[in-house]
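Enquirer: Join these two chains into a complex; the hints should help.
Just so you know, the protein sequences line up as chains A and B, in that order.
Mapping to this note's numbering: the first sequence position 19 is 19, numbers consecutive.
Mapping to this note's numbering: the second sequence position 160 is 160, numbers consecutive.
These aren't lab readings, by the way, just hints derived from the structure by calculation.
Be careful, since some hints might not be right.
[Stated by the list, open to error] With a Cα cut of at most 30 Å, we get these calculated DSSO-like pairs of lysine-lysine: (1) B:Lys216 x A:Lys147; (2) B:Lys391 x A:Lys77; (3) B:Lys216 x A:Lys20; (4) B:Lys132 x A:Lys147; (5) B:Lys216 x A:Lys222; (6) A:Lys86 x B:Lys132; (7) A:Lys69 x A:Lys147; (8) B:Lys290 x B:Lys391; (9) A:Lys69 x B:Lys216; (10) B:Lys397 x B:Lys286; (11) B:Lys389 x B:Lys352; (12) B:Lys391 x B:Lys352; (13) B:Lys216 x A:Lys86.
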Amino acid sequence: MITPADPPAIETRGLTKVFKDFWMRPRVTAVDTLDLQVQPHEVFGLLGPNGSGKSTTIKIILGLLFPTKGRVAVLGKLPTDVAIKKRIGYLPEESYLYRFLNARETLDYYGRLFGLSHHERTRRIDMLLQMVGLDAVQRRPIGEYSKGMQRRIGLAQALINDPDLLILDEPTTGLDPIGTRQIKDLILELKDRGKTVLLSSHLLADVEDVCDRVTILYGGRKRAEGTCNELLTVSESSLIETDSLSESTINKIEQLIQSEEGKAIRSVQAPRQKLEALFLNIVHQAQNEGARTSGATSGGDVADFLVRDAHMPENLDGQALISQLTSNEPTQPAPTTQPNVAPAQPQGVDDAVLDQLTNTSPQTDQPADDAPPSTKPAKPDVDSGVIDDLLGGDRKS
Amino acid sequence: MSAAPRSTRPNLLPRYVVLFVLFALYLTAVNLLIAFGSLPTWAEWPTITLTGFAGLFVLWRMLMDSADTGTWAKVVLWVIGGNLLGGAVATIESISTGAWVFGSPAQTVCGVIIVSIWTFVVLLALIRSVLKMPWAPLSVARAVIDEAVSQRVVVGLFGLILLLIPILPFVLSDDQPLRYRVQQFLGYSMGATTFLLSLFTVAFACWSLSSEIRDKQVFTTMVKPIGRAQYLIGKWLGLVLLNGVLLMVAGVGIAGFTVFYLAELPAQDNYDALTVREEVLAARIKTEPKPAQSFEEIVGVRLSELRRNQPQTLIDLGRSQAPEAAATMNEQMLLELGAEQAAQQLFEQTAKQWRSLGPRGTPNHAQVYVFEGLERAAEYGDVVYLRYKIKGATGNKTQVGIEVNGRRLAAIDAVMNIVLRYPIDARMVDSQGKLNIMLYNLNPAKSITFPVEDGLAVLHTVGGFGPNFLRAMLITWITLAFLAAVGLAFATFLGFAVALLGGFLFMFGIYISGFVLSSLSKLDMSKVAGVDDAIGFVFKLVGYAFTYPLSKFSSYAPVSNIVDGIYVGWSQVLNCLGWVGLVWTGVTGLIAWLIFRSRELARVQV
Numbered sequence: 001m002i003t004p005a006d007p008p009a010i011e012t013r014g015l016t017k018v019f020k021d022f023w024m025r026p027r028v029t030a031v032d033t034l035d036l037q038v039q040p041h042e043v044f045g046l047l048g049p050n051g052s053g054k055s056t057t058i059k060i061i062l063g064l065l066f067p068t069k070g071r072v073a074v075l076g077k078l079p080t081d082v083a084i085k086k087r088i089g090y091l092p093e094e095s096y097l098y099r100f101l102n103a104r105e106t107l108d109y110y111g112r113l114f115g116l117s118h119h120e121r122t123r124r125i126d127m128l129l130q131m132v133g134l135d136a137v138q139r140r141p142i143g144e145y146s147k148g149m150q151r152r153i154g155l156a157q158a159l160i161n162d163p164d165l166l167i168l169d170e171p172t173t174g175l176d177p178i179g180t181r182q183i184k185d186l187i188l189e190l191k192d193r194g195k196t197v198l199l200s201s202h203l204l205a206d207v208e209d210v211c212d213r214v215t216i217l218y219g220g221r222k223r224a225e226g227t228c229n230e231l232l233t234v235s236e237s238s239l240i241e242t243d244s245l246s247e248s249t250i251n252k253i254e255q256l257i258q259s260e261e262g263k264a265i266r267s268v269q270a271p272r273q274k275l276e277a278l279f280l281n282i283v284h285q286a287q288n289e290g291a292r293t294s295g296a297t298s299g300g301d302v303a304d305f306l307v308r309d310a311h312m313p314e315n316l317d318g319q320a321l322i323s324q325l326t327s328n329e330p331t332q333p334a335p336t337t338q339p340n341v342a343p344a345q346p347q348g349v350d351d352a353v354l355d356q357l358t359n360t361s362p363q364t365d366q367p368a369d370d371a372p373p374s375t376k377p378a379k380p381d382v383d384s385g386v387i388d389d390l391l392g393g394d395r396k397s
Numbered sequence: 001m002s003a004a005p006r007s008t009r010p011n012l013l014p015r016y017v018v019l020f021v022l023f024a025l026y027l028t029a030v031n032l033l034i035a036f037g038s039l040p041t042w043a044e045w046p047t048i049t050l051t052g053f054a055g056l057f058v059l060w061r062m063l064m065d066s067a068d069t070g071t072w073a074k075v076v077l078w079v080i081g082g083n084l085l086g087g088a089v090a091t092i093e094s095i096s097t098g099a100w101v102f103g104s105p106a107q108t109v110c111g112v113i114i115v116s117i118w119t120f121v122v123l124l125a126l127i128r129s130v131l132k133m134p135w136a137p138l139s140v141a142r143a144v145i146d147e148a149v150s151q152r153v154v155v156g157l158f159g160l161i162l163l164l165i166p167i168l169p170f171v172l173s174d175d176q177p178l179r180y181r182v183q184q185f186l187g188y189s190m191g192a193t194t195f196l197l198s199l200f201t202v203a204f205a206c207w208s209l210s211s212e213i214r215d216k217q218v219f220t221t222m223v224k225p226i227g228r229a230q231y232l233i234g235k236w237l238g239l240v241l242l243n244g245v246l247l248m249v250a251g252v253g254i255a256g257f258t259v260f261y262l263a264e265l266p267a268q269d270n271y272d273a274l275t276v277r278e279e280v281l282a283a284r285i286k287t288e289p290k291p292a293q294s295f296e297e298i299v300g301v302r303l304s305e306l307r308r309n310q311p312q313t314l315i316d317l318g319r320s321q322a323p324e325a326a327a328t329m330n331e332q333m334l335l336e337l338g339a340e341q342a343a344q345q346l347f348e349q350t351a352k353q354w355r356s357l358g359p360r361g362t363p364n365h366a367q368v369y370v371f372e373g374l375e376r377a378a379e380y381g382d383v384v385y386l387r388y389k390i391k392g393a394t395g396n397k398t399q400v401g402i403e404v405n406g407r408r409l410a411a412i413d414a415v416m417n418i419v420l421r422y423p424i425d426a427r428m429v430d431s432q433g434k435l436n437i438m439l440y441n442l443n444p445a446k447s448i449t450f451p452v453e454d455g456l457a458v459l460h461t462v463g464g465f466g467p468n469f470l471r472a473m474l475i476t477w478i479t480l481a482f483l484a485a486v487g488l489a490f491a492t493f494l495g496f497a498v499a500l501l502g503g504f505l506f507m508f509g510i511y512i513s514g515f516v517l518s519s520l521s522k523l524d525m526s527k528v529a530g531v532d533d534a535i536g537f538v539f540k541l542v543g544y545a546f547t548y549p550l551s552k553f554s555s556y557a558p559v560s561n562i563v564d565g566i567y568v569g570w571s572q573v574l575n576c577l578g579w580v581g582l583v584w585t586g587v588t589g590l591i592a593w594l595i596f597r598s599r600e601l602a603r604v605q606v
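Just chain B, with the same shape it has in the complex (with noise of 0.2 Å):
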């Protein structure tokens, strides 16, 4: 009854060598080709592309079987063969046109190709590794993506990534600017990458944990000392894991091909260049001016004159607001009531005031305007944005005049309904990190008025495009790792299609909910026709129970941020990080658990 062990697995190492042998005489082959110009200009790039493919199936394969290998072997293996890719591919292109991997449009093209792959088969390799650590939870996950790699998800996802990042550059007509070319391709590129990958992470939340139900294998699972919490913690970290290195991909071809491609095309002029390098490609605060006297002091003011000089008109204000109560109040309740409506009137016409200037020689020809909090503007940039747009008819020209903190500076040129930019010395920022502009109209004949939404802002930049761009994508997976547990919290007590039906709605309704909510908002539901009261406020109350708790995710708006080249800040991550990463996804994981724990796996089958 000897069971020694007798050697069971076969030695690839010897295939794998070979493997490498054909591939390096390949290289040299392709490396002499090109250095004595026997291979054609246009067969030079799609032959890399390929000596790149095909160094990356060589370490496909020892990944695939990496099984035989111990790990040390394995990951000496990896780090030679990577470098020697690397290098091979460098080399081959710097001998052929002489320049570096981000050369020509093709070149890039392969350049950003090569490395998402490269990316893609590394961060896989490194996390099937790490999770071959024997804890029960780490063990599921790896089963997740080994499913997900197996079933060919991932990898056609990732194509999908890799196909429609490096086409996007291109169908991007060339006539219009640059910087619009620049924002296209980022609001296109990061809105659809995290679409793919929401639709993908609920589909395969609810399709992992509902299959394996339905076919049983959580049985064999289940049977093993392995808590009901710890599987769904497994399954959920294999989500957020996979979604992690698809996210990263798509990162390095996003951020690849806006940085060292369409950045590097030429603008059509020098603002054009300006910008793209200022505003698009940069992280900046947008900061909301005050007005230098605040709305309620003024209103106070006003209103404590119109108590001393007119109390008559404030008693009829009172008396016309309640016409029926009227006759059994006294006189001071009436003033009090018109008082009351006179500030609120007041306020209002304050507040539009405010942002109008009257005709040049009127006295409300001119506004101060107080920009707060711009202390670190000078650390990053020489020059800070005044934003603006000015509402009239579209086309019409006019001119503003701009002083700040007390210096006259060069009269603002503005076209009607555009939202333009000025630019301010960094250093006329007060010791305070204040700004005061005065603007004023130098139009005789008209009054201008900024509308509240985008009327006036000032722009500082705070940092460059890379790191504001990993954090915009931070918060992107930390959404993503909530729709994970979404999609395994329906699937614990759901088949596979209604899951899918539940995740895909709640995943629509969290992305729609900062609309609903802002509707619902303005919506006056005593101007439907035929609609009560009493329903009005029902609909509104269930509109807003079930579109507020989630309208914080539209708050975190990541892609939209990088589009305009607005700040995304740390304080962003940790905000997304606890409010939607831990509370969020910890109630959906303990509703999850809860569901699961009481939940019998197996079925009648008597």
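Extracted from the complex, chain A is given alone in its bound form (with noise of 0.2 Å):
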């Protein structure tokens, strides 16, 4: 998806912020020389301990902080321009919005503050309260929220005005995993949608499910960069998983091995379900059974507005949407796409690709190798089957 012809969604030359104390005297080094360019229509990780500049680096981008030194360019405009911020949708690390509003209320303000028509706010705010789940809860004010449900309703803000760049600081802190799960989902949805996404966490499996590239910061400064491919991949060693085997079968195999390439096998072990997907399970079993909860629901399917585009073409099917996303390579930008058709999610397409695509979409910068270009879900530690059916439920009934 990236093209050449746009310029960075974000750009930051030698950035360094240093915090003064009430004598001019510089106390602390927040950021520190620090080029970034994420480019249009990807997923971007900040990545980072806490304290290593991520939330500044976010706040300078977004005006709140005045850089020290060096270049900041947002949407190509600078960081203070009032106009670039109709295009801009973010969730702070914490909530803050007012605590005597309710739901409603709350993304009603901020879709005032965007200009939305009365009709028009009205239908985002219920579809994004459908979504976030906490349309049931919609008429109790913000300061009776949980803080799960307040990073719901703030990520609901977020999204009022169909951002094209959305930030997110630490979205999924203070969420339980099933709106953990939502989030990411989401993010891989705008994504599809060719939106671009910057993301700062500490939470590592977020980013790695999510991010097209990381950088990672350290004391104000980059550490690494690169796409979670890049960083990841261990070329030292091999991994091979079938089904159970046999003691004479590991043994025959550990002979072959040493007759062919004179190594031996470092472990062997039953595959260990990721505590995410069993947790998962267990709600998704308590959901079938009917248990009540005063809290938030698992929430809808993305709001309509935000998953359709409006020159996307309605009679794409899905097969044609697969070889679009699967041939939107990093390596090989297809030089007819338009720089902002974004491959969506148009109505009437049949589910299950839908939710193939959904979980595809983050591989779809990796390299091709052996496998191909299939609807088979590439992530190998959670079951998405599983998460589909939790999060729109009535998909797969």
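Expert: Structure representation (structure tokens):
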């Protein structure tokens, strides 16, 4: 999706932020000569331990802090430019919303800041509330919400303007695993639609699951940058996974490896389910049993106005979509693809195909290797069927 | 992936219908009880008040949940509901007592309270609904109002105003003349309202901005397409509108009690009743007298006489003025110096003489006072009033003769040191709007003096109480709008506590600036022991620098003008709007914006 013609969505050059004390003596260097380039239509991860300058960088990008040195351009403009804010959505690291407004009033307030008409606001608010699973509690003041519920409404307000650039500061803190998975799915959906997402987190799993490229910060300096694949592939070892094997088979394999490569098997284990998958299974079961909760529900589908692009052909069928997606490899930018045309989910598309799309999309940047461009989910660690079931209970029924 | 929005908003209309039916049943029950005389008299008005509150509660709930119904449905329901409520209460009132809402004191209290609450609710609803327009500053303004409502600040303040105003008329003592009671009520209630709202405005302006920066809601707002100036304007607008609502409620209460209750009470005598009607609940213009011949002319004549006849006296006076430098000066120079000194003395003497009448028979026993600009006096009233006060031993009485435009009238009775009024037929004002009043002393033994400040004035009515009161309230509103800007300006760079302190200091500075300025002008530093001239100069300069720019504020005195029945003109309102509302507020807002624009809203978090 990266087309060279587009300017970077976010670009910083030699960005430095030094916090000074009352006497203007430098006290803390929060960001140190940072060069960042977030390309349009990519999901970019800002990774680092607590206090590594992630939030400071984001706040400079948003114009809430001013850089001490260096340059920042957001969507080709200065961060202080009010007009570009129309295209930005921001989820802060904590809920900074009015405690006295309820969910609906909150979204209405932010919708009015964007100058959305009454009709448009009502439409989007309905969809967003349903999407983040707060439609049942929309009349309660936000001050009474749990932390996770506040995150959800925070996410909804970040999406009210259907932003081109979404900046998420530690979006999954305080969320239950369902909400976490949902946010990840949402990020992938938005990416599919051609949105740019800047994600800051210290939760590595989040970043690994969704980000195209990652920068790791420490002490305000860039330590590493690249695609997840580049950073995470351990080229010195190989992993083979099959159905459970008998001792004798394993011995035979070992002998084969010994004779062919002169190497030995390091370990043999039964694969463990990830806790995330286990948790999702349990909740799924409870929901199936009809257990009640007064907290947030698992939420609905991604709001329609976020998913469907006006200029997307409605009759695009699933197969065409897949081929469009899989052809968008960063190494081979399709010259004919318009920069803003993003693959999205037209109405009437086969649900199963869409589910798969959602899960395969992060893999589109990876080299194809030997695997055929199949519709098979490329993530072995998460049971995507369970998630799909959970997130859109009516899809598979 | 169908994201068809299912209807997520619960329909609350049935709930309203139920509430309305319950309300109607309750209303019928009360009606029947009163109609059949089953309700004791003492229970009637509390029941009626309760009815009003119940109805208002229903409407209030509707207002709060108003997002459920469409805007037009809301408007229709409100109009119907409001009429139902007003009609019902009025019906019960007329059935139960045969009197209108403003009958007995108790009913007046009920009536005014209900009307005040009604005003409050309707205005708030109206403003909230107007502020729903999708323009960023309006959105911020609405959030300010919602915050104030949710924090119970406005409701608390509203309650306080509502509590204060109806109680005041009843604590005022019955045995003093009605005019004083009316004046006291107006003074206290308007003063208290202005003071409370000033405190509220400064405090809430500081709170609203500084808490939002501290609790970081400003992050989420400022990353939306809203400039910092727009944000500040939105905050200010919210505060101004809130003040407008509260001022309106207070105004309805104050005017309601004054006109429908206090003014209807029995006066002590005819004079008392007339005073209330024509001098307190009126808008009058006060005209200061001018001499028939200007002081400068008189002094000029006297001085040229002196130059001609007694030059030596002037030379001696000049020499006594500058004994050291006199040796180097020639006679002409000394003469000029003496003449200058003599002119000053003569001026003071003439002015003093003009305000005094010598004993009957002496050449100075009569003086002419010219009052101009009374062209419209006859339009509004039959009489204009000469207001006078004579200095002397308290309690002594005297008589003063009067001739108006050449016609002799009945002599004036005066009691020393008391401000009194003498009615003059408005038709006596001449075609140029002038009244030439000659006063002459009838006492052969003693001279009399009219003090400078409130010795003599002509007052004529140019309008009624209502419009005048409205204009006074407008001036108060404008000054509150300025205070809102001041509070916000402080909060752009200070935390709540310090901003509040600064705002309050500024506010009190404004209110006492007129007093400080007049004190400064009278303060003679050379007479203060141990203070050097230079230090004294610096002291005065600093004092002036701080108070002079603010002293304009105290020149608008809507409360004391209303209490004295003095006309508050549109020109005064516009002047206030121009200076306080545009220039001062504008400059304050500009400073606030410059600070806020360059301020980093986030803090160190590494």
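Enquirer: Hint by hint, say whether it matches the structure.
Expert: Here is how each hint holds up against the structure:
1. B:Lys216 x A:Lys147: 16 Å, holds
2. B:Lys391 x A:Lys77: Violated, because 76 Å separates the two Cα atoms, which is more than 30 Å.
3. B:Lys216 x A:Lys20: 20 Å, holds
4. B:Lys132 x A:Lys147: 28 Å, holds
5. B:Lys216 x A:Lys222: Within the cut-off at roughly 28 Å; holds.
6. A:Lys86 x B:Lys132: Holds. Lys86 of chain A to Lys132 of chain B sits at ~19 Å (cutoff 30 Å).
7. A:Lys69 x A:Lys147: 36 Å, violated
8. B:Lys290 x B:Lys391: 19 Å, holds
9. A:Lys69 x B:Lys216: Judged against 30 Å, a Cα distance of about 25 Å means the pair holds.
10. B:Lys397 x B:Lys286: 25 Å, holds
11. B:Lys389 x B:Lys352: 15 Å, holds
12. B:Lys391 x B:Lys352: This hinted pair holds, its Cα atoms lying about 13 Å apart.
13. B:Lys216 x A:Lys86: Judged against 30 Å, a Cα distance of about 20 Å means the pair holds.
Going down the numbered hints, you'll see the structure goes against 2, 7, while the others check out.
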